Structures are given as C-alpha cells and as structure tokens.
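Work the whole structure out from these sequences, hints included.
Number of protein chains: 2
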Amino acid sequence: MSENNDSGKATISMGASTKQGYEIAEKSREIVKSLINAKTKDLTPEEQSIVERIVHSTADPDYADITRISKNFVTESLRAIDQEKDILTDINMVKTGINSYSGRVDCYIRDERAVKIAKKEGITRAAAAIRVAAQEGFDGIVAVGNAPTALLEVLELHKTGEIKLNSVIGVPVGFVGAAESKQALKQTEIPYIITEGPKGGTPIAVATVNSLINLNKGNKA
Amino acid sequence: MSENNDSGKATISMGASTKQGYEIAEKSREIVKSLINAKTKDLTPEEQSIVERIVHSTADPDYADITRISKNFVTESLRAIDQEKDILTDINMVKTGINSYSGRVDCYIRDERAVKIAKKEGITRAAAAIRVAAQEGFDGIVAVGNAPTALLEVLELHKTGEIKLNSVIGVPVGFVGAAESKQALKQTEIPYIITEGPKGGTPIAVATVNSLINLNKGNKA
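From first to last, the protein sequence lines stand for chains V and D. Sequential numbering from 1 applies to the first sequence in the numbering used here. Sequential numbering from 1001 applies to the second sequence in the numbering used here.
Among these hints, one or two may not hold up.
[Unchecked claim] With a cut-off of at most 27 Å between alpha-carbon atoms, the simulated DSS-like pairs for lysine-lysine come out as follows:
hint, chain 1, residue 1, chain 2, residue 2
1, D, K1159, D, K1041
2, V, K159, V, K41
3, V, K119, D, K1019
4, D, K1186, V, K217
5, D, K1041, D, K1186
6, D, K1019, V, K116
7, V, K120, D, K1027
8, D, K1041, V, K27
9, V, K27, D, K1116
10, D, K1019, V, K120
11, D, K1019, V, K159
12, V, K217, V, K164
13, V, K71, V, K85
14, V, K71, V, K164
[Stated by the list, open to error] A few chain D residues that don't get close to chain V, going by computed Cβ distances all over 12 Å:
hint, residue
15, N1072
16, E1156
17, K1186
Hints are computed from structural coordinates only; laboratory data are not their basis. Since the structure is predicted, the reported quantities are computational estimates derived from the model, not experimental observations. We put the beta carbon where it would ideally sit given N, CA and C, even for glycine.
Right, dumping it as structure tokens:
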C-alpha cells in the first residue's frame, strides 16, 4: 500500500517490496480498476495507470473524476525522467515519498534563503523556496502537493522566463486559492496534471511521480 | 496550508510560518468550520480542532463524517506529548510531516532489521518495522498513516504485551484490509482515532499529530 518503498516490480507493485505487500497491491489494483474503469476509458494506458495509482493511494475514487492531464504531460514528463532531470517538490513530505528516482529530488522550504525571502517579501516559505530553486538553475519537473502559493510562483517565474520546466504536477490542496492556482496552470502551455477543485495533496503528487518513474522503468525493461 | 512547517502560533496557524501563510490558514479555518460545524457539534473543543485540521489538510469534508475518536484519546495523547514520549510512524512520509515535536519521532521501515524480518517471515516491511520498534523498547504514540499491516502488527504486539502504547492514530488507507484493521483497533481498549472505511492516509495522520502538538502548546501557553 505504501508510496514509500523501493520497488523493482514496476507498474504493478505500487511500492510493495515483499510478497505480502505485492499481493495486497495487486488485489487493490483490481478493486481500483473496477471502481474507475468507466471513468478512465478515454485516457491513454499511461494516463490510466497514473489515475489508478492516485486512487490506490487515497482510496478515493473521486480523483478519477477530478484529475485532468494535458495531452503532452506523459511524454514530456517521461522524457525528463529518462534524462534523470531534477524533480522539485514544494514540501519535504512529497520529497520523502519519492525514493526510487535515480535523479535528484529537491525541496528548498527549509533553506535559509527561502526563510529570508519569505520574511522580507511577506510571501509563504513554499513560494520563496520555488524562487530559490529557480535561482539555483532548476530544470525539470515540479511537483506541488500542498501550497497554492508555490504553484502560483512557478507560473510567475515561467511567465518571466526565470524557470525551466518540462512539466508541472499541480495538485495543491485547500479551500483558499488551491482551485484557482490549478485553473491558472491549466491555462498555460505547460504540460500539466491537476485535480479540479480544492482537493489534492501530497499523496496525489507522490503517486503521480512514482507512477511516472515506474512507467519509465517499464519502457526500459 | 502546509503540514510541513515549523510554527509557534499554536492552534490557529495550522503550520503557517509567514504572514501570508497565516492569513491563508485563518481563512481556511473559517471555511472548514462552516463546512463541518454541524457534524462536529457533539465533539469536545479539542476533538473539533483535530477534525478541523484533518479537513483543512485534505480539503475533504467527508473526514468529518468518518473520523471516530475514543473518549480517552485526547487526554492520553496529550499526556504522552507533554512528557515528550516517542511517536512511532509506519512510513517516513508521516515522520517528515511531524517537525515541531520536541520529543523523538521514529520510523524503522528502512532499518536493516525490518528488511530482514520482512523477508524471513513474508510480512510487509511496514509491519516488520513496528516489531523492530517494540524490540527497541518503544513507549508512546503510534501513528499509522499508510499500511493496514502495520496497524495489525501494533494490535498483535499489544495483545501479547510486547509494545507499550499511550494511544494509536490508526488511519491507514486502501481497499485491502484498511477498514478491517481500523475496526480491529476500535474493538480494543487502546485510546484511538480512526477513519471508518478505506479512506485515510499520511495527511490525516500528520494533521492529527500536529494538532495534538499544538493543543499541548496551547495548554502550556
């Protein structure tokens, strides 16, 4: 069930690393498929596997209704992952959940520079942390699982050409600004995955990244 | 919005550490209250604040319907936190989300002994990690945000007197075994919080622990 294990067994295992874990993951996969098959029938197999993993991680089939994936998201994300480009997360919980990636996973929310910028400019630390990443020359996939302000900062830096992006996993959560920040992402040309409305969160961001990592492993196998 | 920041501002801030973050958290709190007030009116103020934080973290008011808290849960948990007793988590994502605790937060899922036990006995690593914690003399609050097998292991070790517990945050997620493991916890005399059915997850576990930490800070202030 874990989004927090190493795994060799690519797309089916969903993070399981033991026989019992593997059996649970397989049973869960069947149940998830039966619950959301009708809702995901127009998606590509890769997109389906991402949505399956999100529903597996949350036990919430609603995510099959509210997840939106841009046409170029899977291709652009897999290209970045295959090239081992960086993954940037808004908070450390998302970073902790991504643990079988051969590239770098960064989060600057506890970086002193982020703390300083946040204080000086009266913005959230999550937003300031994105600015620090851009200053560090970040280039890759951004995964926002928590803070709408971090997602808005990504869009702002993209507009001014100050951040290099392959794709954005934009699934911040909350009743204040989350839905709006995701709509704003949807209106750009950035390859994206979002969840419509207030729902989202770290498990959704982690499930998406780990699903992409497994899809890339599957492509290579 | 973050479950992942340090914070001095006790119960209201919900993890915010900047002016903007604080304003967002306060607005969110009002919205959450308006959404769930009717559902939580029979809870104590402390229990209400826990449920509010769970709904804030997930943007999912359903959690106000499915969260169950035993009568002695808040008192026993606050006693443990005030004494800075250990908190044990099933996976590292939960541990990462708890970052303003003055006591220890442990997770043994990557411990070599857990890997060995899991392989030898054909159990999940999350369950084996609980056994390692018990062998290490764990005594405090257990927070299971992911693996039903970890929660069942806690109950088994409690039955045989091999683990010392103040309370259990039992919110594993998934369609295979999660609901059953939570029902099993409910039938013990252990002080508990659970979410009925398959839903649960790391944000729920983290929100509960951080809410308790803030309640304890509030009591001292």
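Hint check results:
1. For the given pair, D/K1159 sits about 34 Å from D/K1041 by alpha-carbon distance, which is inconsistent with the 27 Å threshold.
2. Using a Cα cut-off of 27 Å, the hinted pair V/K159 and V/K41 is violated, with the two alpha carbons roughly 34 Å apart.
3. Using a Cα cut-off of 27 Å, the hinted pair V/K119 and D/K1019 holds, with the two alpha carbons roughly 8 Å apart.
4. Taken as a hint, the D/K1186 and V/K217 pair is broken in the structure, with Cα atoms around 41 Å apart against an allowance of 27 Å.
5. For a cut-off of 27 Å, the pair hint linking D/K1041 to D/K1186 stands: about 22 Å separates their Cα positions.
6. For the proposed pair D/K1019 and V/K116, the alpha carbon gap of about 13 Å is at most 27 Å, so the pair holds.
7. Between V/K120 and D/K1027 the alpha-carbon distance is near 23 Å, which keeps this suggested pair within the 27 Å criterion.
8. Distance restraint check for D/K1041 and V/K27: the Cα-Cα separation of roughly 38 Å exceeds the 27 Å cut-off, and the hinted pair is therefore not satisfied.
9. A C-alpha spacing of about 25 Å is found between V/K27 and D/K1116, which places the hinted pair at or below 27 Å, so the restraint holds.
10. Proximity of D/K1019 to V/K120 is assessed by CA-CA distance (about 11 Å); at most 27 Å being required, the pair is judged to hold.
11. Under the criterion of a C-alpha separation no larger than 27 Å, the hint pairing D/K1019 with V/K159 is consistent with the structure, at around 25 Å.
12. Proposed proximity of V/K217 and V/K164 is supported: the alpha carbons are some 24 Å apart, at most 27 Å.
13. For the given pair, V/K71 sits about 21 Å from V/K85 by alpha-carbon distance, which is consistent with the 27 Å threshold.
14. The suggested pairing of V/K71 with V/K164 holds, with an alpha-carbon distance near 19 Å, which does not exceed 27 Å.
15. Residue placement check: D/N1072 keeps its beta carbon more than 12 Å from all beta carbons of chain V (closest about 27 Å).
16. At the 12 Å boundary, the C-beta of D/E1156 stays outside the reach of chain V, the nearest C-beta of that chain being 14 Å off.
17. Listed as outside the interface, D/K1186 is consistent with that label: its C-beta sits roughly 18 Å from the nearest C-beta of chain V, beyond the 12 Å cut-off.
In this structure, the hints that do not hold are numbers 1, 2, 4, 8, in rising order.
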